[in-house]
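Q: Here's the letter readout for the chains.
4 protein chains.
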Amino acid sequence: MTTVSSDTLIVGQQATGTDITVPVIRFTGTGNGPSVYIQANIHGAEVQGNAVIHHLVELFNCHPPKGDVCLVPMANPLGINQKSGEFTLGRFDPITGENWNRQYHFDASLIDQLAQSHLNAPEAEVAAALRQAMGVQIDAKLASPFGVKSGQHLALRLQKMALQADIVLDLHTGPISARHLYVPSYAEERAHLFNIPLNIVIPSDFAGALDEASFSPWWQLSDAMAARGRALPVLVDAFTLELGSQEYLNVASARDDALGIARYLQSRGVLDPFELTLPKTTQYACSLDNYRAIYSPCGGQIEYLAPLGEPVSAEHPLARIWHFDALATSLQQSRELRLPVDVIPVLHFASASVRQGTELYKVLTHYYRLSGSDVS
Amino acid sequence: MTTVSSDTLIVGQQATGTDITVPVIRFTGTGNGPSVYIQANIHGAEVQGNAVIHHLVELFNCHPPKGDVCLVPMANPLGINQKSGEFTLGRFDPITGENWNRQYHFDASLIDQLAQSHLNAPEAEVAAALRQAMGVQIDAKLASPFGVKSGQHLALRLQKMALQADIVLDLHTGPISARHLYVPSYAEERAHLFNIPLNIVIPSDFAGALDEASFSPWWQLSDAMAARGRALPVLVDAFTLELGSQEYLNVASARDDALGIARYLQSRGVLDPFELTLPKTTQYACSLDNYRAIYSPCGGQIEYLAPLGEPVSAEHPLARIWHFDALATSLQQSRELRLPVDVIPVLHFASASVRQGTELYKVLTHYYRLSGSDVS
Amino acid sequence: MTTVSSDTLIVGQQATGTDITVPVIRFTGTGNGPSVYIQANIHGAEVQGNAVIHHLVELFNCHPPKGDVCLVPMANPLGINQKSGEFTLGRFDPITGENWNRQYHFDASLIDQLAQSHLNAPEAEVAAALRQAMGVQIDAKLASPFGVKSGQHLALRLQKMALQADIVLDLHTGPISARHLYVPSYAEERAHLFNIPLNIVIPSDFAGALDEASFSPWWQLSDAMAARGRALPVLVDAFTLELGSQEYLNVASARDDALGIARYLQSRGVLDPFELTLPKTTQYACSLDNYRAIYSPCGGQIEYLAPLGEPVSAEHPLARIWHFDALATSLQQSRELRLPVDVIPVLHFASASVRQGTELYKVLTHYYRLSGSDVS
Amino acid sequence: MTTVSSDTLIVGQQATGTDITVPVIRFTGTGNGPSVYIQANIHGAEVQGNAVIHHLVELFNCHPPKGDVCLVPMANPLGINQKSGEFTLGRFDPITGENWNRQYHFDASLIDQLAQSHLNAPEAEVAAALRQAMGVQIDAKLASPFGVKSGQHLALRLQKMALQADIVLDLHTGPISARHLYVPSYAEERAHLFNIPLNIVIPSDFAGALDEASFSPWWQLSDAMAARGRALPVLVDAFTLELGSQEYLNVASARDDALGIARYLQSRGVLDPFELTLPKTTQYACSLDNYRAIYSPCGGQIEYLAPLGEPVSAEHPLARIWHFDALATSLQQSRELRLPVDVIPVLHFASASVRQGTELYKVLTHYYRLSGSDVS
Ligand SMILES: [Zn+2]
Ligand SMILES: [Zn+2]
Ligand SMILES: [Zn+2]
Ligand SMILES: [Zn+2]
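Residue numbers (the working numbering), protein chains in the order written: chain A, 1 to 376; chain B, 1 to 376; chain C, 1 to 376; chain D, 1 to 376.
Think of the hints as simulated: they come from the structure by calculation, not from any bench.
Be aware that a few hints might be false.
Copies of the same chain look alike in the list, so a pair counts if it works inside one copy or between any two.
SDA-like, lysine to any residue: derived pairs with alpha carbons at most 25 Å apart [claimed, not checked]:
(1) K362 to Q113
(2) K280 to D19
(3) K160 to G29
(4) K362 to N99
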């Protein structure tokens with residue numbers, strides 16, 4: 001039998017003295033399954049993941065997980081509660097501009113040392129040693145007499161929980177966006193299980209995001225062991241799911257993404273097999289360096305023409321840029337934005353008014369059908 | 001024959017010394033029709049009106065207006081260019097919080113004086129005197145040794161152009177919004193011509209907006225003359241059109257609103273009659289005090305349930321407010337927002353995360369079918 | 001003997017479900033003195049009043065007040081905790097632009113009714129009736145099925161406490177500012193007691209601020225009674241104190257302002273007489289319509305030249321406006337800002353870069369020595 | 001004889017179609033001296049450097065430079081003109097959060113290639129080749145069919161000018177700050193000439209700032225040549241000067257910093273020797289890893305106690321953090337911030353209200369007297 005409990009974790013303190021807290025829901029595993037950590041809404045405007053967690057709570061109540069599960073909805077109160085005009089200014093710290101999802105910890109120098117010292121240790125012992133070493137570093141950082149940044153207070157406390165898990169899922173959304181998934185390349189064969197149409201396959205680099213902070217140590221450890229002649233699998237899976245558009249909550253449609261996650265969790269042995277009915281989805285993928293941003297070539301007001309999630313041929317217009325300052329003049333009143341390659345638009349900017357250099361779109365280029373995909 | 005010209009008007013200066021300018025397009029009238037002033041985008045995120053002006057330019061090129069027409073797209077460069085995160089922070093001056101559309105001028109003390117001094121003057125003379133007196137006041141304000149606010153530099157310079165017109169249209173949008181129209185009650189019989197589904201009938205008060213600044217002097221003059229026994233019609237018509245949602249540009253659909261405006265202009269003698277094909281639209285109206293804002297009773301994340309522009313019966317849910325901090329607790333996880341009266345939702349808030357007291361919806365209550373409406 | 005207690009009052013709820021609370025400190029009066037309400041920091045960047053309240057707590061512990069005292073430091077958590085860059089964006093609601101100190105309640109239609117119904121009632125009964133009537137209105141507003149704005153949730157709950165007091169002090173600061181005091185004209189003879197150098201004498205209008213919401217009902221009641229032949233004094237005193245510059249905390253210097261308040265409270269019978277040593281201060285005053293804002297005549301970067309709080313003769317430069325875009329050109333590289341009248345600069349803008357129309361200074365004009373002032 | 005000219009450079013375009021431009025002032029060198037590039041105000045609130053450029057223009061008019069000089073005041077119009085409340089939000093792009101001074105270009109892979117191909121080339125030829133190669137890369141970036149970011153449009157166009165210079169100075173300020181200088185370690189012996197009290201000695205890393213983008217290629221080239229046995233000096237000097245506090249303009253005091261720059265330029269042969277009278281200044285330095293940020297251990301309101309620029313002994317309080325929510329409770333009402341090491345505070349945060357993790361101070365630790373310093 002599973003037990004579920006809920007608690008709040010203090011992750012900061014406001015100028016007024018109010019504690020900043022996040023809700024933490026824990027299911028105790030019924031058996032020996034892998035442990036799972038899932039969080040949502042670290043970017044303040046990206047609310048849809050909370051609805052997915054809502055469905056996962058219901059699902060785990062019916063289908064008890066075999067490993068421990070830790071769920072953190074509304075993971076970033078500072079980001080969620082920060083408004084500027086009618087929108088949530090939730091992507092970066094409004095004081096420093098630092099992205100809330102670039103402040104997790106990983107010190108790569110640990111890895112070689114550990115590969116050396118635990119070259120012949122049993123897998124479980126290696127894993128425990130890496131978790132232990134990273135935990136010590138995180139605690140030391142939090143205890144520094146010089147202090148740490150607000151974003152690190154939050155990120156490091158979340159990471160201490162995520163660090164204990166074998167599977168880490170970070171639920172985001174894009175601005176105006178189709179659903180897409182960041183897949184570490186070692187786990188590409190499992191990506192299709194989530195049933196997400198667009199997939200970006202990423203390398204083992206660390207730039208501060210939670211998925212990277214969760215898989216990079218284990219991936220680099222696997223590589224370091226391999227260099228020493230030992231085949232050690234990457235012991236942790238971590239994915240970032242982008243569940244559509246920001247500032248949009250649709251609890252009914254969140255169920256499909258919860259079911260995709262459940263299918264993935266079944267494949268990893270967290271959940272027992274049971275029937276899951278998922279919509280048929282055509283799945284595409286490309287590598288991270290083929291996932292390209294397109295910046296506006298000029299200022300103007302934008303009609304976003306290309307539907308998200310569907311292939312667009314080279315030289316087909318993605319957007320029309322209007323120059324309403326040129327009405328009734330001989331100047332060009334609008335121009336089309338076209339690319340020299342076939343693309344699938346993944347997301348576009350949230351505003352209709354852009355200056356030169358605004359990121360208008362992100363697109364898959366050199367994309368291919370994801371292996372394992374449902375559709376023939 | 002009509003002539004069209006375009007120019008830029010300086011409406012301010014940046015800290016860096018750059019002039020702040022707006023485009024001004026002028027059609028010279030072919031005959032003795034009323035003069036028209038139309039502006040768009042005084043709120044920086046409300047771009048759709050620019051596309052309507054684009055269609056009006058094309059339309060006036062084919063169908064020359066009989067009176068002079070002045071068109072100002074992108075009327076507020078400061079608002080349009082001010083971003084905060086991915087959205088335009090364009091509703092109020094980011095320094096002071098003052099709404100860009102509350103800074104026009106009207107000094108009601110003029111009216112009684114003028115009614116007295118011109119009680120028996122011909123209509124044209126009365127009109128010229130009021131325009132003259134208001135122009136003098138605006139110029140004096142701009143020339144004050146103490147200076148005027150940034151918002152007034154903009155508003156007063158726009159108003160000097162609008163002041164010359166017999167018809168003033170100010171093109172806006174709501175946040176996430178159905179199309180709606182602010183109608184001064186003396187002009188209610190003409191409102192249906194715009195073919196806008198939702199209509200709010202307003203009194204002669206002045207709170208600083210362009211429509212009010214344009215009709216209030218003439219309305220109050222009409223009243224002051226009436227009190228002295230002279231029947232003087234309200235000589236100026238002014239409307240605020242709200243053309244859907246902010247941050248959204250759709251040039252094709254803007255054509256319908258341009259045609260609605262053309263139909264109204266035909267009825268006023270600005271355009272000669274020609275065939276206009278407008279979609280059939282059910283039109284509702286209510287008075288301003290029955291146009292109600294609904295503020296969130298608590299904090300939470302919102303599913304906006306009620307479709308905009310359609311009647312919702314009393315006690316039918318408009319929104320569901322989620323408390324994802326209560327997942328896996330015994331606390332209430334969501335609640336519905338209901339109202340004790342029948343309403344038509346006009347617009348809703350742009351973000352899914354709201355604190356207690358956020359304006360969630362604006363709704364028509366005690367609404368009725370607009371007279372003259374197309375639909376039987 | 002006095003007793004002191006502290007509590008927190010819920011004034012709102014965040015999107016994440018966290019209650020928004022303010023601290024409330026209450027001293028129970030030892031005798032029959034007037035009751036007092038003092039709050040600070042309703043504008044988020046204006047922190048110095050909190051330090052004054054700190055000193056008042058210490059002072060009341062030594063010198064028990066005879067009437068009940070209610071103290072609310074950090075009265076606006078939403079404003080205090082809202083950062084944009086390195087500064088507190090605390091003057092207005094970041095969603096709507098509405099000033100946090102313009103959302104208090106007063107319905108003037110109450111007054112005539114009450115003057116009529118209580119024309120011959122004893123003073124205490126009149127006062128109780130007005131407090132009762134206003135409390136009922138505030139409760140009804142808060143209970144509306146349509147809800148109220150975030151700023152009203154805060155303001156109305158604070159006002160319910162302030163409404164019970166005979167003396168209301170609202171502690172603010174300017175941007176970069178000399179200390180100044182807003183004085184309702186009926187209380188001008190008492191203003192000097194606060195020992196604040198610059199004083200602005202205001203009429204009985206209501207525009208939504210706490211001081212106005214506190215004195216206007218009583219002032220208008222006094223006038224309405226007078227019109228009916230009864231001499232009823234204004235039963236409540238209310239002042240807004242501006243204690244220097246925002247974003248600046250100096251606890252030691254706050255003591256002088258606490259002593260000024262104590263001297264005023266002694267004069268009203270809240271505190272017993274005891275020796276108070278206050279610095280000698282030259283005190284000036286002018287009426288509200290002579291308290292003038294000066295808006296920048298152009299864009300540029302500013303050297304603020306005139307020391308705050310000291311008389312500046314007509315045509316003496318207050319600031320130099322630099323045009324660094326004109327370096328090495330034949331254009332004007334800087335210009336001086338001068339006024340045609342003698343002034344005392346009270347405050348200036350917080351930034352060095354201004355667009356045309358930015359409020360550069362506020363100044364006393366047609367100022368005079370405050371009566372009762374210490375200095376011969 | 002020198003000639004001076006001024007021009008404007010287009011560095012972007014607003015949504016409204018307005019070009020974004022920066023002023024560019026050029027002095028033609030009288031002889032064979034090194035060329036110089038100096039810019040100011042790339043961070044929008046940091047205005048004081050513009051006044052230094054003003055003095056340099058006057059100085060160069062009297063004392064013609066021997067090499068070409070390019071001066072760019074107000075280098076970032078987007079940053080300067082972006083207000084949020086009464087302050088300039090000028091440190092990062094308000095859309096993306098990216099620091100305006102982290103977007104310059106350097107592709108380190110160029111260097112090894114160039115060291116190989118030009119191992120025996122004359123110095124001037126090597127320099128020309130590196131400038132040529134970097135220019136080609138920058139042009140290619142600007143011409144990408146995918147576009148570049150707004151911040152890169154600005155940075156790359158500025159960098160194309162800076163790239164031509166032998167000496168690059170980037171004029172900044174801190175938030176509330178003492179004057180300090182970032183010194184590449186190879187140039188430490190020249191640092192004292194600027195007469196700036198606090199100096200931070202930095203390594204050859206590249207993180208996107210202009211000083212790094214200017215010296216890193218030449219420094220790494222020198223190292224790469226050294227590894228191949230050729231002694232090539234670092235051919236470009238680049239410094240970031242931090243000239244006090246942001247949002248503060250003092251043209252008179254800017255003269256001293258202009259004179260410090262002149263003294264440095266004399267030592268490099270840009271200016272002929274002439275008498276310069278500089279104030280005596282005690283100069284300290286530490287290495288970048290000893291330049292430490294201190295983050296607030298809790299939320300609260302801050303009294304900044306330690307004077308900037310002066311040594312503070314270990315355990316001496318730097319600040320007092322107040323908890324005004326704890327007034328009249330048994331909780332701690334304030335705490336002191338102390339460090340376990342001797343420090344010199346360089347700058348502190350601009351606001352008095354901070355959440356946990358806000359950067360309160362930056363301090364020199366393990367500091368030492370700068371060599372060459374004036375003071376005995
Ligand atoms: Zn995200
Ligand atoms: Zn609008
Ligand atoms: Zn204030
Ligand atoms: Zn800087």
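Q: State for each hint whether it applies.
A: Structure-based check of all given hints:
1. K362 to Q113: neither (39 Å within a copy, 33 Å between copies)
2. K280 to D19: neither (45 Å within a copy, 43 Å between copies)
3. K160 to G29: within (19 Å within a copy, 51 Å between copies)
4. K362 to N99: Both, since 18 Å and 21 Å are each at most 25 Å.
Hint compliance for this structure: hints 1 and 2 are broken, all remaining hints hold.
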